[in-house]
Each structure stands twice: as C-alpha cells, then as structure tokens.
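Novice: Sequence:
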Amino acid sequence: IMGLYASVVLVIGKFVREFFSGISHSIMFEELPCVDRILKLCTDIFLVRETGELELEEDLYAKLIFLYRSPETMIKWTREKTK
1 IMGLYASVVL
11 VIGKFVREFF
21 SGISHSIMFE
31 ELPCVDRILK
41 LCTDIFLVRE
51 TGELELEEDL
61 YAKLIFLYRS
71 PETMIKWTRE
81 KTK
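Quick note on the UniProt record's numbering: the sequence shown kicks off at 1 and runs consecutively.
Don't read these hints as lab results, they were simulated from the structure. None of the values given here were measured: they were computed from a predicted structure. Hints may contain errors.
Here are the in silico distance ranges between beta carbons for each label pair [as the list claims (entries may be wrong)]:
#, residue 1, residue 2, range
1, 50, 8, 52 to 58 Å
2, 79, 5, 31 to 37 Å
3, 72, 39, 18 to 24 Å
4, 33, 64, 15 to 21 Å
5, 82, 52, 34 to 40 Å
6, 23, 64, 19 to 25 Å
7, 7, 63, 47 to 53 Å
8, 11, 71, 33 to 39 Å
9, 62, 11, 40 to 46 Å
10, 13, 75, 30 to 36 Å
11, 42, 1, 29 to 35 Å
12, 81, 52, 32 to 38 Å
13, 6, 82, 55 to 61 Å
14, 53, 24, 34 to 40 Å
Below, computed lysine to aspartate or glutamate pairings styled on EDC-like, alpha-carbon distance capped at 20 Å [as the list claims (entries may be wrong)]:
#, residue 1, residue 2
15, 76, 31
16, 76, 36
17, 40, 57
18, 76, 30
19, 40, 18
20, 63, 36
21, 81, 30
22, 40, 80
23, 63, 53
24, 63, 50
25, 40, 58
26, 81, 36
27, 40, 50
28, 81, 31
29, 14, 30
30, 40, 55
31, 63, 44
32, 14, 31
In this text, a Cβ means the ideal position worked out from N, Cα and C, and glycines have one as well.
Modelling step: build the complete structure from the supplied sequences, incorporating the hints.
Specialist: Now the structure itself:
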C-alpha cells in the first residue's frame, strides 16, 4: 500500500512539474503588449520571399532571430506607443 501511495504521489508531482515548467519560458512571448512591429517584420519577410529578393529576406530573418534571442530588444520593440 505504501508503494502504491508513493507511486501515485510521484506521478502527480511529475505532471504538476511538467505543467508549470514551460510557463516561465513561454510567458515572455505570449504576454507582449504590442506586437504590430513584429507582425510587420514577418509580413515583410513573406513579401520579400514572394518577390525573390533572397539577400533582403536573409537580413530581415536575421533581424527577427536577433529579436527573439534578445529579451531587451524584444521589450523595446513591443512597447505600447505613447501619444
């Protein structure tokens, strides 16, 4: 009985830990206040790809990757516009 109880507690603990472990990594990208500039950058990458300008596409893609690798820059890019 003790072994069964310990197994159930460990399994429940594992599920709870897995549920909450990904939140800290994803909240940075899910709770951005104003993503219009990032959406515009993605749209520009799509349009440049359609026109076949590969060098410009690489530059814009590198900019997008830099944004996602730099939390400070991501915060600056997604700030609410002040009037």
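Novice: All hints, please: hold or fail.
Specialist: Evaluation of the provided hints:
{"no.": "1", "hint": "50 <-> 8: 52 to 58 Å", "result": "55 Å, holds"}
{"no.": "2", "hint": "79 <-> 5: 31 to 37 Å", "result": "51 Å, violated"}
{"no.": "3", "hint": "72 <-> 39: 18 to 24 Å", "result": "20 Å, holds"}
{"no.": "4", "hint": "33 <-> 64: 15 to 21 Å", "result": "18 Å, holds"}
{"no.": "5", "hint": "82 <-> 52: 34 to 40 Å", "result": "38 Å, holds"}
{"no.": "6", "hint": "23 <-> 64: 19 to 25 Å", "result": "24 Å, holds"}
{"no.": "7", "hint": "7 <-> 63: 47 to 53 Å", "result": "50 Å, holds"}
{"no.": "8", "hint": "11 <-> 71: 33 to 39 Å", "result": "34 Å, holds"}
{"no.": "9", "hint": "62 <-> 11: 40 to 46 Å", "result": "44 Å, holds"}
{"no.": "10", "hint": "13 <-> 75: 30 to 36 Å", "result": "34 Å, holds"}
{"no.": "11", "hint": "42 <-> 1: 29 to 35 Å", "result": "56 Å, violated"}
{"no.": "12", "hint": "81 <-> 52: 32 to 38 Å", "result": "33 Å, holds"}
{"no.": "13", "hint": "6 <-> 82: 55 to 61 Å", "result": "56 Å, holds"}
{"no.": "14", "hint": "53 <-> 24: 34 to 40 Å", "result": "38 Å, holds"}
{"no.": "15", "hint": "76 <-> 31", "result": "14 Å, holds"}
{"no.": "16", "hint": "76 <-> 36", "result": "12 Å, holds"}
{"no.": "17", "hint": "40 <-> 57", "result": "13 Å, holds"}
{"no.": "18", "hint": "76 <-> 30", "result": "15 Å, holds"}
{"no.": "19", "hint": "40 <-> 18", "result": "34 Å, violated"}
{"no.": "20", "hint": "63 <-> 36", "result": "15 Å, holds"}
{"no.": "21", "hint": "81 <-> 30", "result": "19 Å, holds"}
{"no.": "22", "hint": "40 <-> 80", "result": "15 Å, holds"}
{"no.": "23", "hint": "63 <-> 53", "result": "16 Å, holds"}
{"no.": "24", "hint": "63 <-> 50", "result": "18 Å, holds"}
{"no.": "25", "hint": "40 <-> 58", "result": "16 Å, holds"}
{"no.": "26", "hint": "81 <-> 36", "result": "10 Å, holds"}
{"no.": "27", "hint": "40 <-> 50", "result": "15 Å, holds"}
{"no.": "28", "hint": "81 <-> 31", "result": "16 Å, holds"}
{"no.": "29", "hint": "14 <-> 30", "result": "24 Å, violated"}
{"no.": "30", "hint": "40 <-> 55", "result": "18 Å, holds"}
{"no.": "31", "hint": "63 <-> 44", "result": "12 Å, holds"}
{"no.": "32", "hint": "14 <-> 31", "result": "26 Å, violated"}
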